[in-house]
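Q: Given chain A, work out where chain B should sit, using these hints.
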Amino acid sequence: MRSRAWRAFRRHRLALLGAIAVVALGLGAALAPWIAPHDPLRGSLGERLRPPGHRGSSGSPYLLGTDALGRDILSRILHGGRVSIALGLVVVGVSLLIGVTLGLVSAYAGGFLDAVLGRVVDVLLAFPYLVFAIALMGLFGPGFLNLVVALAFKEWVIAYRVVRSEALALKHAAFVEASRAAGASPFRLVFRHLLVNVLPGAVVVATLRVGWVVLMEASLSFLGLGIQPPQPSWGVIIAEGRDYLFRAWWISTFPGIAIFLFVLGMNLLGDGLRDALDPRLATERLPE
Amino acid sequence: MAGYLIRRLIQAIPVFLGVTFVVFLLLWLTPGDPVEILLGQTGPITAEEIARIRREFGLDQPFLVQYGRFVVRLFRGDLGTSILHRRPVAALLGETLPATVELTLFAALVALLVGVPAGVIAAVRRRSLWDMVGTVVALAGVSLPGFWLGLILIVVFAVNLKALPVAGRLGFGTGLEPRTGFLLLDALLQRNLPALQEVLRHLIMPALAMSTGMMAMTMRLVRASLLETLGQEYVRTARAKGLPERGVVLRHALRNGLLPVVTALALNLGALLSGNMVVETVFAWPGVGRLVVQAIQTRDYPVVQGGVLFYALTFVVLNLLADLSYSFLDPRIRHGRGE
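Top line first, the protein sequences correspond to chains A and B.
The numbering used here applies: residue 1 is where the first sequence begins, and numbers increase by one.
The numbering used here applies: residue 1 is where the second sequence begins, and numbers increase by one.
If we strip away everything but chain A, and leave its shape as in the complex, we get (with noise of 0.2 Å):
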């Protein structure tokens, strides 16, 4: 008993210490142009490459030191988490939009529709994410959008395959029978019963989801195929001290930290959720 009583507060505490994390970034990126101690894109020439704690010649510290521009990489990372972690949140959440909508159409209409949507998600399943996203890139050029449209090409899938297979097994559950009986229509049977039964496990999905945007922005950017410089991103950060690592660590290392903490934070608060919303999911699972 005490075993038990153990673990659940072990795993609230992880769980809040996500929540700790992804909340404090969340607001250094959303407060970031008041509270950024510099300007993310003007750079002094005077201070370039700047070690970390180095205080600038009007006065004010580089706490994480500054790029070959002379730019400070604290006020960049702050900025650049507006563009990592929006991205992250708006492709899951298209996803969610197209994968919860198709599922639940699929699922419940059954038959020719759902042949064929199964075989657009195996085609779709059969592209390692990262290939899918960079040729995708490749073709569009860099950007926001374009990113948004690359990512969300095939993340619908993970919330589909999710929301079908539960629509699935609710389809002759016995309160929807018995509102089909009552006479509901299809659309009102599917949007309201189904809907409001398979959100808890497609939101928990999703939240287990958003890190791992995350992840693929940065790798998109770092190879000049995702956000453009000199808007800075998580990833455009890094990339940017790629040619330093000799002589400015820090510029390509503060910025991963960032998104090591991100995403660990939110992989812990999708756990704890997980397991709070909808223990039957709380299964391994695979990133891709």
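Honestly, the hints are just simulated from the structure, not real lab data.
Be careful, since some hints might not be right.
[Said to hold, decoys possible] Computed footprint of chain B on chain A; a stretch qualifies when at least three of its residues, placed anywhere within it, have a C-beta under 8 Å from a C-beta of chain B:
| no. | stretch |
| --- | --- |
| 1 | 174-183 |
| 2 | 208-222 |
| 3 | 248-261 |
| 4 | 267-275 |
[What the hints assert, rightly or not] Listed below are the simulated SDA-like cross-link pairs for lysine to any residue, each with C-alpha atoms no more than 20 Å apart in a straight line:
| no. | chain 1 | residue 1 | chain 2 | residue 2 |
| --- | --- | --- | --- | --- |
| 5 | A | Lys154 | B | Val15 |
| 6 | A | Lys171 | A | Ala115 |
| 7 | A | Lys154 | B | Val316 |
| 8 | A | Lys154 | A | Ala86 |
| 9 | B | Lys162 | A | Thr253 |
| 10 | A | Lys154 | B | Thr314 |
| 11 | B | Lys162 | A | Phe246 |
| 12 | A | Lys154 | B | Ala271 |
| 13 | A | Lys154 | B | Leu26 |
| 14 | A | Lys171 | B | Ala271 |
| 15 | A | Lys154 | B | Leu267 |
| 16 | A | Lys171 | B | Lys162 |
| 17 | A | Lys154 | B | Leu25 |
| 18 | A | Lys154 | B | Pro88 |
| 19 | A | Lys154 | A | Val121 |
| 20 | A | Lys154 | B | Lys162 |
| 21 | A | Lys171 | B | Val15 |
| 22 | A | Lys154 | A | Ser165 |
| 23 | A | Lys154 | A | Val203 |
| 24 | A | Lys171 | A | Leu195 |
| 25 | A | Lys171 | A | Phe112 |
| 26 | A | Lys171 | A | Ala182 |
| 27 | A | Lys171 | B | Phe21 |
| 28 | A | Lys154 | B | Phe24 |
| 29 | B | Lys162 | A | Leu245 |
| 30 | A | Lys154 | A | Leu139 |
| 31 | A | Lys154 | B | Leu27 |
| 32 | B | Lys162 | A | Tyr244 |
Heads up, the beta-carbon is just placed ideally off N, CA and C, and yes, glycines get one too.
A: The following block gives chain B in isolation, referenced to the frame of chain A:
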């Protein structure tokens, strides 16, 4: 078994066709004329020249004809010709493949060597400090950008400690003759121990950078699966017979517990193979990933097309193998629900 095999193979056909179609479509839609890009690199050319190149690459044909030719050529193993290198894409892929496979398998080995024992310890010492540390470390492992870890490793081990080489597969002056393309194998075959050491020194950082995710997943999978089998009746029976706990865990529980792990890992190998694109770029590893990334940056369409196709088909084949291995190991699957 044969029936199941055939059924799965037939199911793979539409996926295969869909994959080739999407790959073809991707590059057909690409803005910018490949001929112009070619011209940009070779200087001024006449209009007849342009027309000739268009014919040569079949770019003057309608969409479906181009797609049809693409699939037919595929079956002959012809992936087209690189615009940049002026060489067959299949040859370029063939040359870079061993480097990628070697790195991927080595990374998988690292992941298993750490992940399986860690998972076993976490399951056996459930709810201990080990278990908790393992859980958090595993979550951290999947939360790390692999290429960033690669950069950090470079800073620590190459720049500061000067203990490991920054990039590449092999330094100069080892006297190693590349024959198979798998340098570890070459070094072993030629009994060249200094070269073997060199190859390993080059492998370790990129492999480590790639393996964290798989390591973490292996650990969590082994833990979960072992916990389940440890609760089974036959394990209780084995214990009741008075068998030593070590034997019960390793022989009875782990052997059965590894079943789902095998499948998941085979699936993961595909993810690992493609996830290494960025890591290869970081370490200037002359593999398929770097080839494709460079091709995208230089708009060398045929190479991109070939590379993406290569990744997708490898992924499909690995999935199929994972499915088959699972059904081979667990007869309930092939005899049970045949959808």
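Q: Now, for every hint given, state plainly whether the structure supports it.
A: Here is what the structure says about each hint:
| no. | hint | result |
| --- | --- | --- |
| 1 | 174-183 | violated (count 0) |
| 2 | 208-222 | holds (count 5) |
| 3 | 248-261 | holds (count 6) |
| 4 | 267-275 | holds (count 3) |
| 5 | Lys154(A) with Val15(B) | holds, 15 Å |
| 6 | Lys171(A) with Ala115(A) | holds, 17 Å |
| 7 | Lys154(A) with Val316(B) | holds, 16 Å |
| 8 | Lys154(A) with Ala86(A) | holds, 18 Å |
| 9 | Lys162(B) with Thr253(A) | holds, 19 Å |
| 10 | Lys154(A) with Thr314(B) | holds, 18 Å |
| 11 | Lys162(B) with Phe246(A) | holds, 11 Å |
| 12 | Lys154(A) with Ala271(B) | holds, 15 Å |
| 13 | Lys154(A) with Leu26(B) | holds, 14 Å |
| 14 | Lys171(A) with Ala271(B) | violated, 33 Å |
| 15 | Lys154(A) with Leu267(B) | holds, 17 Å |
| 16 | Lys171(A) with Lys162(B) | violated, 62 Å |
| 17 | Lys154(A) with Leu25(B) | holds, 16 Å |
| 18 | Lys154(A) with Pro88(B) | violated, 30 Å |
| 19 | Lys154(A) with Val121(A) | holds, 9 Å |
| 20 | Lys154(A) with Lys162(B) | violated, 42 Å |
| 21 | Lys171(A) with Val15(B) | violated, 28 Å |
| 22 | Lys154(A) with Ser165(A) | holds, 18 Å |
| 23 | Lys154(A) with Val203(A) | holds, 17 Å |
| 24 | Lys171(A) with Leu195(A) | holds, 11 Å |
| 25 | Lys171(A) with Phe112(A) | holds, 17 Å |
| 26 | Lys171(A) with Ala182(A) | holds, 15 Å |
| 27 | Lys171(A) with Phe21(B) | violated, 34 Å |
| 28 | Lys154(A) with Phe24(B) | holds, 17 Å |
| 29 | Lys162(B) with Leu245(A) | holds, 13 Å |
| 30 | Lys154(A) with Leu139(A) | holds, 15 Å |
| 31 | Lys154(A) with Leu27(B) | holds, 17 Å |
| 32 | Lys162(B) with Tyr244(A) | holds, 16 Å |
The structure does not agree with the numbered hints 1, 14, 16, 18, 20, 21 and 27 stated previously, though it agrees with the rest.
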